[in-house]
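2 protein chains.
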Amino acid sequence: MKVLMLVENDFEDLELFYPFYRLKEEGWEVKVASSSTETKSGKRGYTMTPDMTYEDVRVEDFSALVIPGGKSPERVRINSKAVEVVRGFIKAEKPIAAICHGPQLLISAGAVKGRKMSSWIGIRDDLIAAGAEYVDAEVVVDGNFITSRMPDDLPAFCRELIKMLKRY
Amino acid sequence: MKVLMLVENDFEDLELFYPFYRLKEEGWEVKVASSSTETKSGKRGYTMTPDMTYEDVRVEDFSALVIPGGKSPERVRINSKAVEVVRGFIKAEKPIAAICHGPQLLISAGAVKGRKMSSWIGIRDDLIAAGAEYVDAEVVVDGNFITSRMPDDLPAFCRELIKMLKRY
Numbered sequence: 150m151k152v153l154m155l156v157e158n159d160f161e162d163l164e165l166f167y168p169f170y171r172l173k174e175e176g177w178e179v180k181v182a183s184s185s186t187e188t189k190s191g192k193r194g195y196t197m198t199p200d201m202t203y204e205d206v207r208v209e210d211f212s213a214l215v216i217p218g219g220k221s222p223e224r225v226r227i228n229s230k231a232v233e234v235v236r237g238f239i240k241a242e243k244p245i246a247a248i249c250h251g252p253q254l255l256i257s258a259g260a261v262k263g264r265k266m267s268s269w270i271g272i273r274d275d276l277i278a279a280g281a282e283y284v285d286a287e288v289v290v291d292g293n294f295i296t297s298r299m300p301d302d303l304p305a306f307c308r309e310l311i312k313m314l315k316r317y
Numbered sequence: 150m151k152v153l154m155l156v157e158n159d160f161e162d163l164e165l166f167y168p169f170y171r172l173k174e175e176g177w178e179v180k181v182a183s184s185s186t187e188t189k190s191g192k193r194g195y196t197m198t199p200d201m202t203y204e205d206v207r208v209e210d211f212s213a214l215v216i217p218g219g220k221s222p223e224r225v226r227i228n229s230k231a232v233e234v235v236r237g238f239i240k241a242e243k244p245i246a247a248i249c250h251g252p253q254l255l256i257s258a259g260a261v262k263g264r265k266m267s268s269w270i271g272i273r274d275d276l277i278a279a280g281a282e283y284v285d286a287e288v289v290v291d292g293n294f295i296t297s298r299m300p301d302d303l304p305a306f307c308r309e310l311i312k313m314l315k316r317y
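In the order they appear, the protein sequences are chains S and B. All letters in the first sequence, in the order written, are residues 150 to 317 by the numbering used here. All letters in the second sequence, in the order written, are residues 150 to 317 by the numbering used here.
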């Protein structure tokens, strides 16, 4: 099992590292893609060196996509190559787990209309405006989408992600 | 299942939050004890409000003890009530998982002699001086002790902790 994460500077540190370590705990491989392979920093100062750029991602190599929050997703979504990667996972109907501001990528990919989703409350209105059915819950699973609100939701977020990946 | 963590200021944020969320993901209860119930801060600025003081801990209420690292363990060990709590877990032979500087508490409790253990390399010589057999590995399990070196060891650390707790 191989999982991809999309990360830029000012990521929410726990939302990157909890799923990153958690999937490794399961014995799975986790790769990080970014706009460059230069080391990126979280809001709290933890660092992560990406394995590859968005251009080098081959969606067929991965079983799932995880998008941590913080200010990172706003930086990821302005890169059209990154949005193409997200569209690849959507088209292939592979599991996509997005937490906090992570669902911003799903708006950019034009994929939220009619989907039940959660997110950080600050972008709730963007999800609603884009046609999603917003749910204020620690985790919302709708088809291949898993979404959560914030770091304290990480236990529920990863429980559902791992459950989905074990079925996959 | 109910697990206790011992925490003071300047804890290593990931070493507190990864096990904290991970045990909750498993559906278990996690309680945090400290010198006071005032909110404590990690080295990176994440915060945790303790549930109880060391005085209020009843070892018989818990199945295991987890000691995260950072500068927290040095602050925990100077409190004799905290060391008494650790001795209670040792006497009851309950699982004790300590990462990074966490094993400093096991030195203070006089419990490392002849035990195979790991830790952050900076306190390796203290463990050896106190009679432990130091092992440079992502996780070392010796009887009821689980020890690791640093945040990147968290997947292995929690994998062994959860395996031990499921047997317990």
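Just so you know, the hints here were simulated from the structure itself, not pulled from any lab data. The reader is advised that the hints may include incorrect statements.
The list makes no distinction among identical chains, and a pair is therefore deemed to hold if it is satisfied within one copy or across any two copies.
[What the hints assert, rightly or not] Listed below are the simulated DSBU-like cross-link pairs for lysine-lysine, each with C-alpha atoms no more than 30 Å apart in a straight line:
# : residue 1 : residue 2
1 : LYS151    : LYS315
2 : LYS173    : LYS262
3 : LYS220    : LYS173
4 : LYS265    : LYS173
Cross-check of the supplied hints:
no., hint, result
1, LYS151 with LYS315, "both (12 Å within a copy, 27 Å between copies)"
2, LYS173 with LYS262, "neither (32 Å within a copy, 32 Å between copies)"
3, LYS220 with LYS173, "both (24 Å within a copy, 26 Å between copies)"
4, LYS265 with LYS173, "both (28 Å within a copy, 25 Å between copies)"
The structure is inconsistent with hint 2 alone, although it conforms to all the rest.
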